[in-house]
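J.: Here are the chains, one letter per residue:
Number of protein chains: 2
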Amino acid sequence: MVRAKVWILKKHFEGFPTHSNFELQEVELPALKNGEVLLESVFFSVDPYMRIYSKLYMKEGEAMIGSQVAKVLESKNAAYPVGAFAVSNSGWKSHFISDGKGLLLMFPSWPEKLPRSLALGTIGMPGLTAYFGLFEICRMKPGETVLINAAAGAVGTAAGQIAKIHGCKVVGCAGSDEKVAYLKSIGFDEAFNYKTVSLKEALQKASPDGYDCYFDNVGGEFSSVVLEQMKTFGRIAVCGAISLYNDVVPQKGPYVQTHMILKQLCMEGFVFSRWENRREEGLKQLLKWVEEGKIKCHEHITEGFFNMPAAFMGMLKGENIGKAIVKA
Amino acid sequence: MVRAKVWILKKHFEGFPTHSNFELQEVELPALKNGEVLLESVFFSVDPYMRIYSKLYMKEGEAMIGSQVAKVLESKNAAYPVGAFAVSNSGWKSHFISDGKGLLLMFPSWPEKLPRSLALGTIGMPGLTAYFGLFEICRMKPGETVLINAAAGAVGTAAGQIAKIHGCKVVGCAGSDEKVAYLKSIGFDEAFNYKTVSLKEALQKASPDGYDCYFDNVGGEFSSVVLEQMKTFGRIAVCGAISLYNDVVPQKGPYVQTHMILKQLCMEGFVFSRWENRREEGLKQLLKWVEEGKIKCHEHITEGFFNMPAAFMGMLKGENIGKAIVKA
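Respectively, the protein sequence lines represent chains A and B. Using my numbering, the letters of the first sequence correspond one by one to residues 1 to 328. Using my numbering, the letters of the second sequence correspond one by one to residues 1001 to 1328.
One or more of the hints may lead you astray.
Claimed, not checked - BS3-like mimics (lysine-lysine), calculated; alpha carbons at most 27 Å apart, straight line:
hint, chain 1, residue 1, chain 2, residue 2
1, A, Lys55, B, Lys1200
2, A, Lys55, B, Lys1231
3, A, Lys263, B, Lys1263
Stated by the list, open to error - Every beta carbon over 10 Å from chain A, so not counted as near; a handful from chain B, in silico:
hint, residue
4, Val1002
5, Val1006
6, Lys1010
7, Ser1054
8, Lys1059
9, Asp1099
10, Met1106
11, Glu1112
12, Glu1178
13, Ser1207
14, Asn1277
15, Ile1301
16, Gly1304
17, Gly1314
18, Lys1317
19, Gly1318
Think of the hints as simulated: they come from the structure by calculation, not from any bench. Keep in mind it's a predicted model, so treat the numbers as computed, not measured. Ideal Cβ placement from N, Cα and C applies to all residues, glycine included.
Next comes chain A alone, as it looks inside the complex (with noise of 0.2 Å):
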């Protein structure tokens, strides 16, 4: 008999997170039936999409969304033999069983010198997240210039990494003057920490001719500054909104019709799992790229299951450099 730790959304969130809104539980698993595995979670995800998905498609008193790297410990299926690793999308859980349905086998050649969280970081949805976004959504071409908020952040870093390797120009913006240096440091052209400019003078420095490319992971009052720097047929991809998520009051802004019609501007919400079919040329093209070195990977990691709700609001705080990792 396994006992599984499980964190529980106990209430809904209302502005910012706090401990109050979580709850660890002990649950007692059943025995394997055929076709079933026992899994245990080796690295988990924590990502600012669960604090807004949380409130749409969760209940209070279920166990937090999310995905996390996990070790196959019993088996009685053999597509998930004993000692395989897996992505999955079971909430924040140390033991859980699995049917296989959404278990995703980790490939077989994964590189023994890479560690198994890249699988949810650069090399897995984040990094899918940035690769479909700048490709598909903001259709970016060699010579344009690609603008980045939350550039420090799992997805920022692969997407700013993936834009050089495309052959832009690439702006980097962040929090903090150590997470700017960090964007230098893997190669972003210009980057600067908006907390200490004038957003507008930075973007305008940063890039006089404007912004080809933007890549939204912020939304709000920041992206209302971008969308006067855009230049004409420009393309936002809108990926997060982390400005909006813990309102518990809407903000409110001015209205985009205006400039995104003397612009012809583009603007598209996307999630990544609109390319569900092409989830395996992403992540090998991933894997490929980081292999040769071309993409660096940062990984912010907490250390212990029971601080999954601290990782999570420190990531919404912005704490992390990279993918922010909790490690059982």
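With the hints as your guide, set chain B onto chain A.
T.: What follows is chain B alone, placed relative to chain A:
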């Protein structure tokens, strides 16, 4: 010697235009040089874009921008014989001299029974705007539901009928019961007066499943309500933002990003001139549909060049059904 009457933008608009923004002047036109033609304006167009473009592209003291159907009175250019009709973008001028640049001869086969003013409406810029906006920006597909606001205007009436021809369900909003009755008479499946209903409830009632395409002529608060009623992967063609053009202090509203992401919406601003190389294709198709009776054209005609400002302001107030035209 011809003396041309010219409406000047005396003072930039500040809020809603008034008569004091305009001044009528007379200008003596010089003798024609080789390659030039003298034209007399026959029909003028008044359009919402003039309100916003004036601020961006005009100086005080210049002739108001705008297009006309004009007749060649004298010619030293064989391409434009005396008596020919052309569409020009020469501003609010009773007469003007052209070297032929930007002068578009009307189809020699223009049907006798159709007023030439349609070249400023359904078989002109507004019709092309509707055509390219629906096919290229909304990428409408037969069976989809298309929402159009300011639907009784020049662009809206064309858009609704084109969407019907393409096999869509069409919902239109307008600002009077008379306009709503007109929309129903030309085939809109659903139409309502947004001034006398709850917009949200009316949109839900007209299409409980939501909207695939939104052809937006209004922007602002209206669009914020529509955003919530879009289907996943909905497309928004931002053609105009008449609710915002007269702002002295920019209005504010909820940010769009969260909806854009969760429903993976695509919003794109556009101007018909993007498809300049397909103008003839578009005009021929529109003319064909009009001749076949598949598109009905309504014009709101103001008599007299002297009344240009009044016609312009009336159009901005929504006094017209169909295309607002001034007959010189």
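J.: Against the structure shown, which of the earlier numbered hints fail to hold, in ascending order?
T.: Violated hints: none; all satisfied.
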